[in-house]
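> Listed here are the chains, written in short residue letters.
There are 2 protein chains.
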Amino acid sequence: MDGLTEIKKDSKEIFKGRIVHLFVDQVELPNGEMSTREVVKHPGAVAVIAVNKEGKLLLVRQYRYPLDGIIYEIPAGKLEPDENPDDSALRELEEETGYRCEKMEKTASFYSSPGFSDELLHVYYTDSLIEGKQHLDQDEFLEVCAVNLEEAVQMVKDHRIYDAKSIYAVQYMQLRQNKNIG
Amino acid sequence: MDGLTEIKKDSKEIFKGRIVHLFVDQVELPNGEMSTREVVKHPGAVAVIAVNKEGKLLLVRQYRYPLDGIIYEIPAGKLEPDENPDDSALRELEEETGYRCEKMEKTASFYSSPGFSDELLHVYYTDSLIEGKQHLDQDEFLEVCAVNLEEAVQMVKDHRIYDAKSIYAVQYMQLRQNKNIG
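Residue numbers (this note's numbering), protein chains in the order written: chain A, 1 to 182; chain B, 1 to 182.
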């Protein structure tokens, strides 16, 4: 044993919704004691750092119910069942922004909140946008805009850009501009 | 109306645990239609980018039950009830790593997963560490290590560092080194 791993002893499904699938599990800790773990299972998600031909970053302006506020985020969405993240990124980019792209590269994958959720987010970069057709989900309302890097950095400071993936995206752009990516 | 905001019409508490507080709400969309929103309410959290006198970044190696894996993260933890984030950051740093610090600055706050949770994470930076005393929670098992920036960048690439806040921290260190922060 590594002295860190916890062993599942029991698992109880609490709720299964459209996004959130909640379990409360009983686990054996490394010292043999028992504890409970609350886990939100999530299908995973994708996000796209999309730069247009003017060198501006595409953002979607959207009301986020959990925060009761409107913020600017990079285009993103949940994986559909059995969907490949690469396909999902292309789909979400076009659905939300109306742009397709010639090629994309993955920049990172990361867990959003590993203390209580298995949500894994895959982030892509593209600067080869081509016109497509926006088609939002029935309950999705958002506005698309494009900002230069200087504006995006300011938007992080004043909390118009206010979520982990979008701040990751702004820092990625800063590092890429400085040629520190690689 | 801004054409984006959703209005809460009903709210039902589904589960209240140690971390996860789950609600399913009925909302009126901007077009007047109704929809449901699943919301995980969270007390908020803090994380600390802590650099020791050798210029190395402190990381905690920890099993994360939702991912069933061991990853390296910057020190972090949930806010206690009515706790100020500044105080929480000092507390979590010492509890997890055994270090206190002379001063800290906040680098950013961001929502972890604004699609379904109101978890807001406050991130701090310090390079003025002083010896304190580690004291972990009863069900918390972790190991502390320190890595230089080059190692940290490699750890992001090979997914040993694999969560949003810690990847943010590595990017922040890269930008700070390049004096692009500010």
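Worth double-checking, as some hints may not be accurate.
The list treats identical chains as interchangeable, and a pair is accepted whether it falls inside one copy or across any two copies.
Said to hold, decoys possible - Quick list of in silico lysine to any residue cross-link-like pairs, SDA-like style, CA-CA up to 25 Å: (1) K16 with E33; (2) K179 with G77; (3) K9 with V147; (4) K53 with E6; (5) K9 with S128; (6) K179 with G98; (7) K8 with M34; (8) K157 with V24; (9) K179 with M155; (10) K157 with N84; (11) K8 with M155; (12) K179 with E151; (13) K8 with L136; (14) K103 with I19; (15) K16 with Q154; (16) K16 with E54; (17) K103 with T5; (18) K53 with T36; (19) K103 with N52; (20) K9 with D68; (21) K8 with E151.
Calculated from the structure, these hints are not laboratory results.
> So which of those numbered hints doesn't the model satisfy?
2, 3, 4, 5, 6, 8, 11, 14, 15, 16, 17, 18 and 21
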